[in-house]
Every structure is written in C-alpha cells, then in structure tokens.
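Protein chains in written order, with the numbering used here: chain P, 1 to 293; chain G, 1001 to 1293.
Hints listed in this document are in silico derivations from the structure and should not be mistaken for laboratory results.
Any given hint could turn out to be false.
[To be verified] Calculated pairs, SDA-like style, for lysine to any residue (alpha carbon to alpha carbon, straight line, at most 25 Å):
#1 G:Lys1261 x P:Leu262
#2 P:Lys40 x P:Thr6
#3 P:Lys261 x G:Ala1242
#4 G:Lys1261 x P:Ile271
#5 P:Lys261 x G:Ala1200
#6 P:Lys261 x G:Tyr1072
#7 G:Lys1289 x G:Ala1200
#8 P:Lys261 x G:Thr1100
#9 P:Lys261 x P:Glu248
#10 P:Lys289 x G:Lys1289
#11 G:Lys1040 x G:Tyr1072
#12 G:Lys1289 x P:Pro231
#13 P:Lys289 x P:Gly254
#14 P:Lys289 x P:Glu248
#15 P:Lys26 x P:Pro231
#16 P:Lys148 x P:His107
#17 G:Lys1289 x G:Gly1254
#18 G:Lys1289 x P:Tyr159
#19 P:Lys289 x P:Thr238
#20 P:Lys261 x G:Gly1254
#21 P:Lys289 x G:Glu1222
Computed from a predicted structure; not experimentally measured.
2 protein chains.
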Amino acid sequence: MNNSDTPVTVIGLGLMGQALARAFLKAGHPTTVWNRTTSKADQLVADGARSAPTIADALKAGSLTIVCVTDYQAMHELLGASEVELDGTMLINLTSGDSTQAREAAHWAEQRGARYLDGAIMAIPSTVGTAEAVILHSGPRSDFEAHKSTLGALGTTTYLGADPGLASLYDVAGLAMMWSVLNAWLQGTALLATAGVDAAAYAPFAQQIATGVAEWLPGYAEQIDRGSFPPEVSALETDARAMAHLIEESEAVGVNAELPKLIKAMADRSIAAGHGGQQYPVLIEEFSKPHDD
Amino acid sequence: MNNSDTPVTVIGLGLMGQALARAFLKAGHPTTVWNRTTSKADQLVADGARSAPTIADALKAGSLTIVCVTDYQAMHELLGASEVELDGTMLINLTSGDSTQAREAAHWAEQRGARYLDGAIMAIPSTVGTAEAVILHSGPRSDFEAHKSTLGALGTTTYLGADPGLASLYDVAGLAMMWSVLNAWLQGTALLATAGVDAAAYAPFAQQIATGVAEWLPGYAEQIDRGSFPPEVSALETDARAMAHLIEESEAVGVNAELPKLIKAMADRSIAAGHGGQQYPVLIEEFSKPHDD
C-alpha cells in the first residue's frame, strides 16, 4: 500500500525539518508546512508545499503532523498555545530530547486528546528520504502501524515499543556506540602512526575487528539476561593484564592513554568487587550504576 | 603446497604453547617441544610430539621454532644461554610483549645469526588451529613467505610489514577496539535496562550500529592521511551537543557516565583548539599526544 495521497504536515523548518518536508513532497504527499520564520518555507512552497498561516491551520491540514523544532520546550510553547486545538491530531515528535521529556510529552498530548508517537532521527539531513536514514519510533503500536507507510517516505522506520522514551534511549545508546568505535579506531590509528603506518592501511583491520566483535553481542547479551558470566572465552583478570599492556604501549610510544585507562579502571573495579574470574559482560554491574569520579 | 612434512619446534608449553603444538601435530608436522617443566609435554608426547632434552636440541630439530613463553625477559634468558646456538635458526616469537621489546628482540636475534619474525596471537587457545584464530606477523617479508604455509597450521596468518614492532601495535590497537565496542554496548544495555529492555532485545541494534560505523573508517582514514577534515557529515561542535545529551540521559536514568564524559572531554578539547567546525576524525590530534589527567 502506497499512501502517497495522505496529506501531511511538518512543523519546524530547520535543516532537518526542511529535509523531512522535502522527502514527503518527493514521495507525492500533499505537504503543509509551518515555521515561525515563514521565509524558511519559501523553497518548499516553490517545490509544491503549502505554507499554513497558523499552527492551528497547519495541524488541520495533515492526517499526521511531524514536529521537528529546537527542543521540547519549544514544542510545548508552540503546540500548547490556547488557540491550538490538539484533540484528534496525530503528532509525531522528532524533536531531539531525552526519554523523560518524551514520556512527559506523550502524557501531555494524551490529556489534550492527541495521539502521540515519539521519534529520533539517526541521520543527517542530506540522507533523509533514503533507506540510509534510520528513524526510530516509540509509542502506541497501533498508531505506528497506522502511519508506517507514510513515515516510510522519510527513511528506514523502526518501531521500538510502547514506552515513548525508547526512541531517545536507543538514539543515545547508538551514538555511544558510534563515538566508541570512532575513538577506538583513532586510538589504534595513533598507535600505528608511530610506526609510520597510514590511517588508510590500518582502517580495514579496525573495521574487521569492530565487525567481528559486534557479532559476539547477542551471545554476550544472553549472559547478562541470565545474570551468569562463566569465563567461556576469558576471565576478566586475564583481560586486565592485556589492558595494562595497552596502557603501557600507548604511553611508551607517546600517544593518548585516557581511553585505555578508563577501560582498565572499570575492569579493575569489577575485579575488586570479586568478578575477576568471570567473563567481560559482568561489567554490566559497573555500567549500570553511577560512579563518583 | 602443503608443507606438512616440515619439522617444527615449540618452546614454551603454557596453555597457548600447548595449543600451538597441538595444531602442528594435527596438521601432520613432526613436532618437537620443550618446556622448563617437562611434565607439561606429557600429553603432547602421547599425541606424537617429541620432547627435546635441552633447548639447544629443540632448536636443531625444527625448520622453524615457535617461542611462546611468559614474557620477553624469559625468552632472552632461555635462548640467550651460552650453550644455545642460534646461528641459522628461524625464530617466530609469539610471546606477549610490546613493540619496543619486539624490535629489540629482532636486533638481538640478528646479531646472533638467527632469522626472526615477531607475532601476536589474537585468539584464545581453544581456537588455535582454526581459521578463527588470527595470528599477526611482522618482520622480513621473505621469512614470512618462506614459512607462511607452515604457520597456516596455526590459524589465519596475516603479514603486517617489515617493522617487527607492528604485530604488537596491531594487537593492542585491536584490543582497544574490542573493549570499546563491548563497553559501548554495555553503556547502551544499561541505558535500555532502565526502560525494561532486555540485553538480548538491544544487542542486534548495537551490532548494527557498530558494523555500520565500522564501514565509515576507510573513508574517514582518507581525511586523516590528507590532514583535511571538512564537515561532510557533521561538525564536531554539533556532535558535542549530542554528547552532552548522552551524558545528561545517562545521569538522569542513573547509569554510569564515565564513558560519555570521556567522549565529550576529548571533543571539547579539540573544539577548544579551534576544530569545532571540522569533522570527527580531526580528533586524531588529541589521540596522538599524551594528556596529563
């Protein structure tokens, strides 16, 4: 089913909002846009969008309304105005925020008679509208299913669950993975550069290790869910000796050792808590609680 | 060409040395072993290995000699003894150590008339002898090529270059990637657990992100080799705002925030150095120098 006749509304025309509206237009949807500074709608109007004079008018035009503004406070100010009628609307909030803000917004929308899905865009504006743009959604499954086809115009849509906070949590978790892979690659690149190895020569090795280790995660996850960490591959205290080695090598060749030191500090704490004979995923206990630096 | 007739020697029969000798036996190589505590050779002898009475005798028996002892000091003590003749031998040192020790050992061996390849085993003993065991080698290419087929009995052999220190450097760089992927996954698992999401439910998402980001590395490496970091995907100061968000979310839900804080601290330092408008790989400058904590 291709719902390209479904009218849609986009509120907020920053770089990302403009990209979202453009993707809807390209997919053939009658698209209404609204932005506080109306000039940001000019190019979209030239491309076929309708610029609504008020938010209230914009909300009435679409079967669903994408909200993509600066932050949740801006959303509350814009949509919470007394003249704005939310009853019966379907809001899909792609504004950046945290899980608490998402849950509060879902509650707030529900009280006003609106349906609400939260979302997070794991993409840059230039890839929106292609399969490369991953867009995470959380909230009532029935609302996601009802609009899945329309949302598909924006990228690869993924439904995470009923808790509206899930999209934000998966988003930051994914970013932590992204920066961690990049930082580990930079650590290795810096180490190898001391021996005259180009970044391009080292990168395929780093890629292979990252991809290979990622394959272990589903198996390691089972240890966490069982709460049992037998040292099938190696014990944490064996790993810690190799971590010391990574720190020593980094310091010996004169590169940064902060990342190696953090890796070892967390393992050492877990060993001090009696887990030296267990396997790496036992570190979930350290990651699951705050640490006073 | 299958050189399964090539006689080999293994010196050092810890868990890893035993696994190496077993892999050679399984591949059909006449295998001589030596260990300070001779009882560690008993099972291997039962399986067809010959236990040499002295190191000097062991060295004479093989076309190549694998050395896998506690550390480089132990290697120097054992092979540096006055009655041990190294002239004409081919040493392949798989003992754990750093790049400086590897380079020193190569020089030391050369002075005694021995050929020398350094190596690092990226595997656990139980996978040695299978393709899953990656064994890194560095040193003269002609020596690697001459013994490549024989070394293939131990796992997937990779030649890195003439500098004998490369195997150690690639080894620790790969370990940094391994622990970083695992830690980022644990960070995400801890975040999602606060919303009741099982580790098994989150793991495939983490795997997908790690694998996807790893694909960027060759392209990002080109930026480093060119020394030019245009913000094609995003600028570091934009990333830093999302990093702040990761820290805030981690603290809000009560999980560890050390890894998020280190990620942001390094980006902040690069921004303070004037790189806020450039792309992530510009952080190589921070990773390439020591930082006084």
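These are the hints, each one checked on the structure:
1. G:Lys1261 x P:Leu262: holds (11 Å)
2. P:Lys40 x P:Thr6: The given pair, whose Cα atoms are some 23 Å apart, holds under the 25 Å limit.
3. P:Lys261 x G:Ala1242: holds (24 Å)
4. G:Lys1261 x P:Ile271: holds (23 Å)
5. P:Lys261 x G:Ala1200: violated (28 Å)
6. P:Lys261 x G:Tyr1072: holds (24 Å)
7. G:Lys1289 x G:Ala1200: Judged against 25 Å, a Cα distance of about 38 Å means the pair is violated.
8. P:Lys261 x G:Thr1100: Answer holds: P:Lys261 to G:Thr1100 is near 20 Å, not above 25 Å.
9. P:Lys261 x P:Glu248: Status holds; Cα separation ~10 Å.
10. P:Lys289 x G:Lys1289: violated (31 Å)
11. G:Lys1040 x G:Tyr1072: holds (20 Å)
12. G:Lys1289 x P:Pro231: violated (35 Å)
13. P:Lys289 x P:Gly254: violated (33 Å)
14. P:Lys289 x P:Glu248: With a Cα-Cα distance of about 28 Å, the restraint between P:Lys289 and P:Glu248 is violated, given a limit of 25 Å.
15. P:Lys26 x P:Pro231: violated (53 Å)
16. P:Lys148 x P:His107: Distance ~22 Å between P:Lys148 and P:His107 Cα, so the pair holds.
17. G:Lys1289 x G:Gly1254: violated (33 Å)
18. G:Lys1289 x P:Tyr159: violated (43 Å)
19. P:Lys289 x P:Thr238: holds (24 Å)
20. P:Lys261 x G:Gly1254: holds (23 Å)
21. P:Lys289 x G:Glu1222: With Cα atoms ~39 Å apart, P:Lys289 and G:Glu1222 exceed 25 Å; violated.
Violated hints, listed in ascending order, are 5, 7, 10, 12, 13, 14, 15, 17, 18, 21; each of the other numbered hints is respected by the structure.
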